[in-house]
Amino acid sequence: MPNIFSSIPPPIPHATRPKFNLWWRKQKLSTVTVDVGRKSWINAIYYPNWAVYCGETPASLNYACVSHVFYAFAHVDVEGKIFLSDEWADKQMPVDGTTGCLASLSCLKQQFSHLKLILSIGGGASSQNFAAVASTKHGRETFGQSARCLVDTYALDGIDIDWEHPSDHEQGRNFISLLAAIRCYLPDAKYLLTAALPAGQWALQNIDLRKANEYLDLVNLMAYDFTGSWTAKAGHHAQLHASKSDECCGASAVNYVISTGFPVSKLLLGIPVYGRSFLGASGPDQTYTGHAGDEGTFKYKDLPRQNCQETVNPHVVAASCYGGDGGFVTYDNPDTVRIKAKYCREKGLGGLFYWTGTADAPSGPRSLVSTGFHSLHGH
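Counted the way our numbering counts, the sequence shown spans residues 1 to 379.
None of the hints are false.
FRET-style restraints, in silico, Cβ to Cβ:
no.: 1; residue 1: S245; residue 2: S282; range: 19 to 25 angstroms
no.: 2; residue 1: N255; residue 2: K233; range: 21 to 27 angstroms
no.: 3; residue 1: G280; residue 2: H169; range: 35 to 41 angstroms
no.: 4; residue 1: D152; residue 2: D325; range: 48 to 54 angstroms
no.: 5; residue 1: C184; residue 2: S113; range: 27 to 33 angstroms
With a straight-line cut-off of 25 angstroms between C-alpha atoms, the simulated PhoX-like cross-links for lysine-lysine are:
no.: 6; residue 1: K233; residue 2: K299
no.: 7; residue 1: K116; residue 2: K342
no.: 8; residue 1: K81; residue 2: K116
no.: 9; residue 1: K211; residue 2: K190
no.: 10; residue 1: K301; residue 2: K342
To be clear, the hints were calculated from the coordinates, so they are not data collected in a lab. We treat Cβ as the ideally placed atom computed from N, Cα and C, and that holds for glycine.
Throw the hints in and build the complete structure from the sequences for me.
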C-alpha cells in the first residue's frame, strides 16, 4: 500500500474524531423504524457543551437517527483527575426542562432506549495534560478511578479518549498503559471505551493499534482537517479519496489502520459538519489570502453560502461552494455522505460519526446525520 502520509505532523494538528455488534430495540418513530434482530450500523454524534449557549440543546436533535452521543468535553488535570469543563452548562443550567445538558441527555436515554451516552475527555484544545498523566502509574490509576466516578454519577455508558495526540513512541506506549488502567475500572463487559484519533500516519504510527484493540470498543477516525490555515494551498479538507499521491484522504487512513491489525469493524469514519474557508481561492490546489467564518470555518447548516452553487467532486468525494464571500469552502454534503456510508458498508466499518451533531441542518434532505443513517441501513 503506498504511504501517502508524512511521518511529520502538520504545523497545526488535524481536528479542533466488532468486538460487539449492536441490535436495537424496535422504535416506532416518525422518521425511521429499526426492527428487532436487525444489525444496526453505528451513527454517532459529538454534542459539544458550548452549543447550549446558542440554543442548540440536547433535545433539539433527532435521536431517531443517532446510536451514540459523545458528550464533549471533560478535561483532565495534571494529577489525572477528570473534571467537567463547564459545570454551569453540564449540570446547573436550565436545559430542556431539567438542569444541565447531562441530565437532559439522561432523560433522552430513557426515551430512546437504544441510545449510548459517552463522555469525551480532552479535545484539541485540552489535551496538554494527557502525556504527564499517562506516564505514571499514579496518574493512570487516578484517571481510571475518576472516570468510573463520573460514569456512575451521570449514568453514562463509557468514556472517549480524545488525546490529540501521542506525539512519539513513548507517549504511544503510555497511551496503551492508560487504556489498560482504565479497563481495570471500566470493565468491557459493562462499559464502552473509545478513542478519537487523527487520520494521519504522523500520529497513528506512535500507537500500537493491534494492542489498543484489546481495550478499545471503537476508534473514531477523524478523517477531516486535511487542509486549513496550516497548509500552503487550498484543498478539500475531508476527501475520501486523494487526487494526487501525496494527499491525505479518509480511505488511505482507514487502510493504514487496518494494516496494523486493528479490526475494521471497530472503526468509525468521521464526517465534519462544517466547512473550511479559503479566501482568494476558487478551488483546490490554489493559493489563498485568508479565511472567512469562525476561525476559518462555517457550520454546515450555513452552507452553501448565499447565492453560491454547491458542487460535488465524485472522484475524491468532496463537496464545495465558492463565493458569498467565504471564498472556496470545502465540506461534506448529503451526496458525499451517501458515498461515504456506502464505502463503510462495503469495507465493513462500524459506521460513521459526526463532529458535531449541533451544526447539522434540520431533519430533512439536507441533514448529514439523517442521510448517513438511512444510507448505512440501505434506505
